Amino acid sequence: MEKFDLCVIGAGPVGYAAAMRAIDFGKKVILIEKNRLGGAGIYDGALASKTLWELSEKVKTTREVLVENNKQNSFDISFKETCKTVNQAIFERKFQLTCHLRLLQKQYTKSQIVYEKGFASFVSEYEVKITRENGEKIIWAENILIATGSRPKTLPGIQVDEKIVLTSNGIHHLEDFPKSLVIVGAGVIGCEYATIFSNFGKTKVYLIDRASRILPFEDEDLANLVASNLEKNGVTIHHEAKLERLEIVDGEVEYEISYPDGKRETIRVEKALLSIGRVPNIEGLNLENSGVKTTSNGYIYEEDTQTNVPHIWAAGDVKGKIMLVNVGEREARHAVVRMFGGNIPPIVYDNISTIMFLHPEVAAVGLNEQQAREKGIPYKLAKVDYSCIARAIAMRKTNGFFKILVTNDDEMKVLGMRAVGEHASSAIQAIALLI
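Residue numbers (our numbering): 996 to 1430.
Simulated from the structure, these hints should not be mistaken for laboratory data. There may be inaccurate statements among the hints.
[What the hints assert, rightly or not] Below, computed lysine-lysine pairings styled on BS3-like, alpha-carbon distance capped at 30 angstroms: (1) K1029 - K1045; (2) K1148 - K1112; (3) K1089 - K1022; (4) K1316 - K1089; (5) K1237 - K1258.
None of the values given here were measured: they were computed from a predicted structure.
Start from the sequences, fold in the hints, and give me the full structure.
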């Protein structure tokens, strides 16, 4: 039986980051992936959706400039051209990872880092079985990192065929821009796709929001600005709407919603996108053979990336904390340093910055106002409108604001910042550093 210092289950961005960090320590690593190197982070996740967003923003800006200058009534881009751009981005990243792995295997020899295509499952707390097309084998590892990621959540009673009723796994594989689309869920991902499809100007978008406003975890002024811009872009937002029914009828989607006042509405659209969260990929791992516990909502139990079994670790979406690629990669490297580098301080999540790819762009770090109030922290607030910033005026992009919170004392410790507007993400790292 072949033995390794570290077995990494899952070769998405998180698993790959862990394997690379273990090489820094001179360890013998096996990286196991059931599907494709790079995982959902490349093919059906952040890279694909953000490439779509970037392209949609360019299309929207170009259309606005042409119309403003009366050069032509509209600007058009085909779905084929859109898909070509997305596929080029995916290929570039996939090619980078594949070449990088091969270079490492040549540099360190295959005994240092081994890549296995197959399905991994626990035989015991130290043994992992790899099931491949041509058979199976069992390996032993001193440490094991679970980095199997997550997948889109679905709703009971709703048939998802990834052709008419889709999740984010299927949305990038459409054959054309849908004429109409309903998005179930008004969180970050739902709002991002509402932004993308409304930006292209070829899809009538409906957004079902169960709460009184979209992005309920953010302050009202921010959420209202994003909602206002979506509606200006042609998006219909069903506020405080409960989905009663969604089904495929005559090759299209028919959905029925109800409101607190008893009113009901039935609408027919071409496609539907479910964007209601994600669930961890732990089925088939046979965690019971390892002794690893899970939480009440099905994620892997861990403390600072270490599970209840001391030599088994978890990083990324499978933990269910902050589901961002950069956070998962950070957790993976942290876990490896804890394994082989000795005692280090735990990860601090207080100053992790996030970007919401909306229109306009939203960047966040630290606490917002409603979080500060919930924690009972007195604060001072400074808010600057984009229309007061010369660079924004020059870009002709004055829609947005900067908002910073500090403690209401002489120390004025930075608590958090929200930036809404063009290039908002450029400002956020400095505030993360200050925090």
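Right, here's what the structure says about each hint:
{"no.": "1", "hint": "K1029 - K1045", "in the structure": "25 angstroms, holds"}
{"no.": "2", "hint": "K1148 - K1112", "in the structure": "25 angstroms, holds"}
{"no.": "3", "hint": "K1089 - K1022", "in the structure": "25 angstroms, holds"}
{"no.": "4", "hint": "K1316 - K1089", "in the structure": "26 angstroms, holds"}
{"no.": "5", "hint": "K1237 - K1258", "in the structure": "11 angstroms, holds"}
This entry satisfies every hint, going by the numbered hints stated previously.
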